[in-house]
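Visitor: What follows is the residue order along each chain.
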Amino acid sequence: GQSLEQPSEVTAVEGAIVQINCTYQTSGFYGLSWYQQHDGGAPTFLSYNALDGLEETGRFSSFLSRSDSYGYLLLQELQMKDSASYFCAVRDQSSASKIIFGSGTRLSIRP
Amino acid sequence: EPEVTQTPSHQVTQMGQEVILRCVPISNHLYFYWYRQILGQKVEFLVSFYNNEISEKSEIFDDQFSVERPDGSNFTLKIRSTKLEDSAMYFCASTGQTNYGYTFGSGTRLTVV
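Which chain is which? The protein sequence lines are C and V, in order. Read in this note's numbering, the first sequence has 89 at position 89, and its numbers run on one by one without any break. Read in this note's numbering, the second sequence has 47 at position 47, and its numbers run on one by one without any break.
No lab work stands behind these hints, which were simulated from the structure alone. The beta-carbon is built from N, C-alpha and C at its ideal position, and this holds for glycine as well. Among the hints, a few may not be true.
[Stated by the list, open to error] Here are the simulated lysine to any residue pairs, SDA-like style, with alpha carbons at most 20 Å apart:
no.: 1; chain 1: V; residue 1: Lys42; chain 2: C; residue 2: Ser83
no.: 2; chain 1: V; residue 1: Lys42; chain 2: C; residue 2: Gln76
no.: 3; chain 1: V; residue 1: Lys42; chain 2: C; residue 2: Glu5
no.: 4; chain 1: V; residue 1: Lys57; chain 2: C; residue 2: Asp92
no.: 5; chain 1: V; residue 1: Lys42; chain 2: C; residue 2: Thr44
no.: 6; chain 1: C; residue 1: Lys81; chain 2: V; residue 2: Ser106
no.: 7; chain 1: V; residue 1: Lys57; chain 2: C; residue 2: Thr26
no.: 8; chain 1: V; residue 1: Lys42; chain 2: C; residue 2: Pro7
no.: 9; chain 1: V; residue 1: Lys83; chain 2: V; residue 2: His10
no.: 10; chain 1: V; residue 1: Lys42; chain 2: C; residue 2: Thr26
no.: 11; chain 1: V; residue 1: Lys42; chain 2: C; residue 2: Asp39
no.: 12; chain 1: V; residue 1: Lys42; chain 2: C; residue 2: Gln25
no.: 13; chain 1: V; residue 1: Lys78; chain 2: V; residue 2: Ile20
no.: 14; chain 1: V; residue 1: Lys42; chain 2: C; residue 2: Ser67
no.: 15; chain 1: V; residue 1: Lys42; chain 2: C; residue 2: Ser97
no.: 16; chain 1: V; residue 1: Lys83; chain 2: V; residue 2: Gln17
no.: 17; chain 1: V; residue 1: Lys42; chain 2: C; residue 2: Gln36
no.: 18; chain 1: V; residue 1: Lys57; chain 2: C; residue 2: Gly28
[Said to hold, decoys possible] Stretch by stretch, here's where chain V covers chain C in the computed footprint (C-beta under 8 Å, at least three residues):
no.: 19; segment: 9-16
no.: 20; segment: 101-111
Using the sequences plus the hints, can you model the full thing?
Guide: See the structure below:
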């Protein structure tokens, strides 16, 4: 089976940088994804890492270390609209046809 | 930008009734999914569908649930004999061949009373 751990809540200041960590346990591993979800909205795909290293997409970056079973999402130049829940999700080799979500990190941005 | 469309956006039903949730995935996508999210909790996998058959289903997806792709565009989730604990937001999602990023629909909020 799979399990993922991420902090339940993070608070940051507008304009700052925040890192949301995710550790996972899987029987095999294909890749780690990140999704953003605003209250009442649908999850929106942000990034996917299959290999070690950093992937950058605008203000958002995602990092993966397969040896440590660890990844993070880095958000820079925070804006109020970034207030949302962020989920890491894993695909593994035992079940490549689905992704399993973590419990989510609620990010609150203060002015 | 292509979208996954779900209808209805809200559905209220009496316990024991059957409901059908409808989804139109992105037209060139090949993999289809149903997930659900109980208020304040994480997104839970229900079922994946590929090549007109179920690829995988979770423990939640018991005999009460079924999926269908009746006409090559719609993808439906049927819940027979609904229970109070079925109240949740149900999301449909689809992916293309890369199978990396899912596109989710805006969801159907199901309330069982």
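Visitor: Which hints, by number, does the structure contradict?
Guide: 2, 14, 19
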